[in-house]
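> Using the sequences and the accompanying hints, generate a full structural model.
Spelled out from the first residue to the last, the chains are:
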Amino acid sequence: MSKRKNWILSMTGMVIVALFLFPVYWMIITAFKTQNEVFRTPPTFFPENFRLDSFLTVISGGVGQYFLNSVIIAGCATIIVLLLSVPSAYGLARFKIRGVALMMLVFLVTQMLPATVVLTPLFVVFNNAGLLNTYVAPILATATLGVPFSVLLLRTFFKGIPKELEEAASIDGCGKVRTFLQVILPISLPSVLVCGAISFFFAWGDLIFSITFNRNQDLWPLTAGIFNAVGRYGIEWNNLMAFATISVLPVIIIFVLLQKHLVEGLVSGSVK
Amino acid sequence: MLPMWKEIRTQWKGYVFVLPAVIFMLILIGYPLIYNIVLSFQNVDLSNVATQDKQFVGWENYKTIAEESVFGISVVNTLVYTVASVMFQVVIGFLLASFFSMKFKLAGFLRGLMMISWLIPLTVTALLFKFMMGSKEGIFNQMLLNANLISEPIGWLSSPDMALWSVIIANIWVGIPFNMLLLSTGLSSLPKDVYESASLDGANWWQKLIHITLPMLKPVILVVLMLGFIYTFKVFDVVYVMTGGGPINSTEVLSTLAFRYSFSDFEFSLGAAVANVLFLILFVISLIYLRMIKKDEAI
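Residue numbers (this note's numbering), protein chains in the order written: chain C, 9 to 280; chain X, 3 to 301.
Don't read these hints as lab results, they were simulated from the structure. Hints may be right or wrong, so weigh each one.
[As the list claims (entries may be wrong)] Pairs of lysine to aspartate or glutamate residues, derived as EDC-like cross-links and limited to a Cα-Cα distance of at most 16 Å, are as follows:
1) C:184 / C:174
2) X:210 / X:195
3) X:138 / C:45
4) X:210 / X:198
5) C:184 / C:172
6) X:138 / C:244
[Unchecked claim] With the Cβ distance kept under 8 Å, some of the chain C side facing chain X (calculated, not the full set):
7) 17
8) 31
9) 92
10) 105
11) 116
12) 125
13) 133
14) 148
15) 216
16) 258
17) 263
18) 265
19) 267
Note that the structure is a prediction, hence the values are computed from the model and not measured. Virtual Cβ for every residue (Gly too), placed ideally from N, Cα, C.
What follows is the structure, encoded as structure tokens:
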């Protein structure tokens, strides 16, 4: 490709991406504006004077607690997902056991189920188990989003590992469990990380489970908090956008750190 | 009996690996799924949800919801929402995938950057678009007015004729990068030599698209369409946060309707019935999808 063509295409690409991501820019920029400036006509595309006021407003309004709740819910859900799905995917890839097709079907179907279908029954189940208004209810519910995705993605990955690696380990006297822990797991770390990150995103983005299972707002994650804040801040869009920016920040940080792996992982996990 | 016993003795470790996740999903998804079907044939509301006093009422709940005009509206809205979202996502996603498949220097990086819209929590996206679609302060109307493309502000979310399309626009934005990514992978797997010989034969860009790219990409496009349908059909957050189903039910979809029955009106059985209709449609689509991918996936 000629240097000139390369340059033109790169510039065009940058314009496309800038236009596409304009809403994200608009969210962040609005968070730094004053209430007056938000309603200015014509709109300002860069804040006249950069203000941190809206961030301070939402922080004193309790955004810290919501943030902590999101970390707890998404963090615990991610740990559960990994503990369950990593061994399961390995078992499905490597052990000759009965019912593999059936179990794969369980994961494929559950991945496609809408939350609405299981919402009421889970509400009743959690109610009977005394789990409503605890962290446990949304943690378990959001973990169900990550498990099937991770199992399907990791199974494909484990199948791709050359069998010779495990055979060599077994000659050296490793049992299957030790082989898994000491040989397979270390080389699978990037894929496991991708599953962890995506399960974290799934749980981080949940709204419906938390607002249904937890009436106690002290346990709400950021998504539920921001939904509620619409009532509290009304059309104080700078405050709402500050809230939104804080909610998005961890997702963007994780994404930037893992970008290359994530993009590849998403493709193989969704199609296969 | 004997071979089975032998199998369990030699392969029990396999089950220890596999079963915890399966059991987890069966308890938290499988059991609720069945319970939801039972619920839809009972008469459960707030008064008897925690008691044993539940009666089977046959198809009563399904008759009740079918008689409500909002149910028909929701079915149509869900279909319009899904079909329109998926169509635009796939077309725009395909154009972008083709663009980024020209391997210029920043292509991979820029394509990855677009994934951000897919990763943002839907609640935040919905709120953001609600802000941008505000009739007075919203940037959409401001820009359109300034450019003299419209003379009156558009009631993006306040007008019953417009609201569904506004919600669709927000959803298209969310889904574009994912479609682009899947289609990019498909594009990169197409053999190069076919294009080269077509170029030698003097085929132009359009002819290559119609006669080579689209036919060869057909399996990938079908999978993307199916996945898009499955993930869009069950939409909740975007609609719930942007409009709550309003104005006057113009954006009510099956999932928001089910949620409203169950957790605003506390008519759990009616909510379950609506959710089952949603599930049934998705189930049929999923079966078709599973058949399609089974060909290249040796389960």
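> Have a go at the residue 263 of chain C hint: is there a Cβ in chain X nearer than 8 Å to its own Cβ?
Holds. Min distance 6 Å.
> Double-check residue 125 of chain C for me: the hint is only fine if its C-beta lies closer than 8 Å to a C-beta in chain X.
holds, 5 Å
> Verify the proposed pairing of residue 138 of chain X with residue 244 of chain C, using a straight-line Cα cut of 16 Å.
holds, 14 Å
> Are residue 105 of chain C and chain X close enough, Cβ to Cβ, to be under 8 Å, as the hint says?
holds, 4 Å
> Is the hint on residue 31 of chain C kept, meaning its closest Cβ partner in chain X is under 8 Å away?
holds, 5 Å
> Measure nothing beyond the straight line between the CA atoms of residue 184 of chain C and residue 172 of chain C; if it is 16 Å or shorter, mark the hint as holding.
holds, 14 Å
> Given residue 148 of chain C as an interface hint, is the shortest Cβ-Cβ distance to chain X below 8 Å?
Check passed: Cβ of residue 148 of chain C comes within 6 Å of chain X, closer than 8 Å.
> Classify the hint on residue 116 of chain C as holds or violated, based on whether any CB of chain X lies nearer than 8 Å to its CB.
Residue 116 of chain C check passes; min Cβ-Cβ to chain X is 6 Å, inside 8 Å.
> Using Cβ atoms only, decide whether residue 17 of chain C comes closer than 8 Å to chain X, and label the hint accordingly.
holds, 4 Å
> Please verify that hint: residue 267 of chain C, Cβ, nearest Cβ of chain X, below 8 Å or not.
holds, 5 Å
> Min Cβ distance, residue 265 of chain C to chain X: is it shorter than 8 Å?
Residue 265 of chain C check fails; min Cβ-Cβ to chain X is 12 Å, beyond 8 Å.
> Should the hint that residue 92 of chain C touches chain X count as held when the rule is a Cβ pair under 8 Å?
holds, 4 Å
The structure fails to meet hints 16, 18 from the earlier list, while all remaining hints are met.
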